[in-house]
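Q: So you can see what is in the structure, the chains are spelled out below.
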Amino acid sequence: MKGKIVIPKVALLFFALGLTGLVLGLGTGSIRAQSQDMGAALEADTLDETQASKLESEREFPVPLTPLPKTITPCRACHGPEKDFPVNFKRREDLLVHKNLKLNHGGVRVWCLDCHNPDDRNYLLPLSDGKPIDFEHSYLLCGKCHGTKFRDWRSGIHGRRTGKWNGEKTYYRCVTCHDPHSPKFKPIEPMPPPRRPWTPKETKARH
Amino acid sequence: MARSGFIFETSRRLVTGGAVYYFWMTLLTILAIVGITSYMKQLQVGLIATGMQNYVSWGLYIGNFTFLVGVAAAAVLLIIPAYLYDFGPIKEIVIVAEVLAVCALLMCLMFVTADLGRPDRFWHLIPGLGILSLPRSLLAWDIVVLNGYLFLNIAIPGYLLWNAYHDRPVNMRFILPFILLSIPWAVSIHTVTAFIYNGLAARPFWNASILAPRFLASAFCSGPALVILLYQLVRRYTTFHVKDEALFKIAEMIAIAMAINLFLLGAEFFKEVYSDTHHLTPLQYLYQGLHGKGMLVPWIRTALVFNVVAFVIFLIPATRKNFATLNLGCVLIIVGIWIEKGMGLIVPGFIPAPLGEVWEYAPTTIEILVSIGIWSIGLLLLTAILKIVLPIETGEFKKTGLDGVPIHAGGGL
Amino acid sequence: MSDQTDSFSKENSNSARASGSEIVQRPDSQPTDNRTVLSDRRTFLAGAAGLLGMIAVSSCTWQEFFQNNFRRMSKEEIEQTVHRLQEEYKKKYGKEFVVGTEAPLDATLFGYGLDIQRCIGCRRCVYGCVEENNQSRDPQIHYIRVLRFRDGNMDLEQSDIYYDPEEVPEKGYYYMPVQCQHCANPPCTKVCPVQATWTEPDGIVVVDYNWCIGCRYCMAACPYMGRWFNFTDPGIPKDQVNPNTHYLGNRPRMRNVVEKCTFCIQRVRQGIYPKCVEVCPVGARKFGNLLDPNSEISKIIKTKRVFRLKEELNTQPKFYYFFSI
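Residue numbers (the numbering used here), protein chains in the order written: chain A, 1 to 207; chain B, 1 to 413; chain C, 1 to 325.
If we strip away everything but chain A, and leave its shape as in the complex, we get (with noise of 0.2 Å):
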């Protein structure tokens, strides 16, 4: 009597086990979940660390030549050897040429001679090592005062990108973006806003 009982209790067993396993087994299949130990993957380095310092230290910049007004310069033909207009360093509003440009830099910390060098106007004024910075590379100008977004700047963590992130990628000069005599941005326009959802009456009249 007693091995009548245990066969079908024992096939149950194994038909329950036998289930259960073709189902884990079979159903998760060959794919496994992917995991990334992303603390551990921090701290792997890619790129010799003197070699990136080396690189950020220096003067020129994979900068394009985005093309700078063409009345930029030479502002020697004015002011130049031939009418050398005496510099005056107080700071006024009426200026006799120049009257289209509306300054609303910095208010009363910054005015036209703060930026443009007195000495030669093609040029911008100098870095402590004395030499003049041309219109090209303006931004170092303005990392003299705004250092921080200047850093940010260099690393990439300010301002456009656009290119690869892996390999060349598109700088846009300070001035590129800021207008220097007004460097506030306007606002803009925003685009539409995402259509909204239909509510229950909506759904409602829609069947």
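Simulated from the structure, these hints should not be mistaken for laboratory data. Treat the hints loosely; a few may be bogus.
To be verified - BS3-like cross-link-like pairs, simulated, lysine-lysine; straight-line CA separation at most 27 Å:
1) C/90 with A/169
2) A/201 with B/41
3) A/204 with B/271
4) A/144 with A/102
5) C/92 with B/41
6) C/310 with B/271
Based on the hints, put chains B and C in the right spot on chain A.
A: Below, chains B and C without anything else, positioned relative to chain A:
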């Protein structure tokens, strides 16, 4: 020869009945056909035919699915007294509850299929052919346990009926392990369904430990209530005998289950209202309205009133043993739990959305018609199966030989 | 499933007989319970009819129907699939399509930075993304949602996505765009019942659109509204479709499947910035390789104060919000 006899006899039984039977079956068939045509329309246009959107991406279908899994799981509540406590009055009638469980499960599977965006890719779910993502995906587990439970609830009564049809005694030692297995399995189907919602950290309304116990408690209210009503109908329209004692015992159990359900609801309320964090907002939306939106508020408040009234009815022996109030209580509880566990569970889970927006959901006509259609198919199957099963159970429908005389065990060819 | 049920009950009835119980053997006994077979047959026929109907109305070819999961396809299968897709898209949109299958780059883990000090809420990223990634215009899908907060808090429930002023930025508000965060511990890939979505080795969470069954469980699981569903056939004007695609990325999708931001997988695996990064007029978006200490994103994490959304959910997003003063 015997096989065709069964089929012939079954078919004959399915198409003969009283006027009520004809009316009922015709009505259900019409509703089922309407449901199927609506579903074809949904397949044609895509899920945009429903009211579901990116914010509330589950709705009426999944609500019905959740409710019906509970109904199916509740059949176990009757198996426990029947087989473990050998409570005679229930033991004889447990088969009806099991048939109800089967039909409820089939309805669940239909609802999930209706909700699926690409049912044509169902084979992706078959382990071996496709990929069934065990053990991480709760939906995959749900598919396994639901189908297993379906098999158990077909095999166990099937075995019992098979023997009754052939007039053979049942080998209880063989079938008992299956019956015992079906008890934890029934608990597991509803627990796994609860875990589908419970495991989502993104939805704080569902991500509460109280969810799985509440599911079971409310399942043990709605399922047996349906069973009580079903038994009374069976008693009225067939020769199947159901003792009053059995029904009152079931009602007693419902009272206990509802007490637990209401207690757990109270606990949920306290936790959210007292802690007063952002996690309160879905509950607030449901019971009070949020930012002027409160479509479900009248529904859930009605459900709460229904549940409390039904609880009182089932608690007091006088009202429990009075069939008028008993039936009222059953209907109230079924509607109340359907609201609470269907739309009242699924929709507030999505409100507010993860980024804070509040967008409501309302089912479209197609959705409602498909849901009614699936319920009709379920009830159609229930009626048809009972029409065959009950006569077998009572002994009226037995295997007959060529001369029409029932064949007994031990007889010759 | 019903066929499986059939064979199991068959197995058990046989074992019952083998045990030699009191059941008398009938020479012409049936192998299974007829009622089961009957209902199984009914269910099977109904199911088969339904399935054929579904295939008919879902308008998919037989190759599409039998297509395997991307990760399980052999090289030849992938080539065939890509070829088939390119033909399909050409027929539909009238352009030569490229459906790339570029593998992840070595030693790469993508990270994203968003400078909420700079964002002005102009939504150019939203529409740049829509164009690049062939998102449906009608019904509208936007992978990026720009939230507007009042100065002083970051309460999501008080945020607004539908702001429409004359000009941005508005005084007293700040803006925070949100998209798929490409979590390292994603809740969405955990719950997919068919593994139609997974994390690639370079950290991008992708969806195989031809494997997705449209159950929308991943959408319920995502805490950031990163995933979107095509409730019907996507509506993309033919002249605006982008033919440079990736299989796991921006190739045109079909109805009733889930889609999401893929960090422009078709661009980044060729070394180009995602579209949103390039389009942002104020340079608020940063992207790079977290494993490269010299990339912008690594430097941001090292030098700026970063935070991630909903950290308490332990999803470990790779989308870092930061402030650059």
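Q: With a cut-off of 27 Å on the C-alpha distance, tell me whether residue 310 of chain C and residue 271 of chain B pass.
A: 21 Å, holds
Q: Hinted pair, alpha-carbon criterion (27 Å max): residue 201 of chain A, residue 41 of chain B. Please report holds or violated.
A: Judged against 27 Å, a Cα distance of about 22 Å means the pair holds.
Q: Take the C-alpha atoms of residue 90 of chain C and residue 169 of chain A, compute the straight-line distance between them, and say whether it is at most 27 Å.
A: Not satisfied, since the Cα-Cα distance of roughly 33 Å exceeds 27 Å.
Q: Holds or violated: residue 204 of chain A with residue 271 of chain B, Cα cutoff 27 Å?
A: 36 Å, violated
Q: Would you mind confirming whether the straight-line C-alpha gap from residue 144 of chain A to residue 102 of chain A stays at or under 27 Å?
A: OK: residue 144 of chain A and residue 102 of chain A at ~22 Å, within 27 Å.
Q: If you draw a straight line from the CA of residue 92 of chain C to the CA of residue 41 of chain B, is it 27 Å or shorter?
A: 24 Å, holds
Hints 1 and 3 from the earlier list are contradicted by this structure; the remaining hints agree with it.
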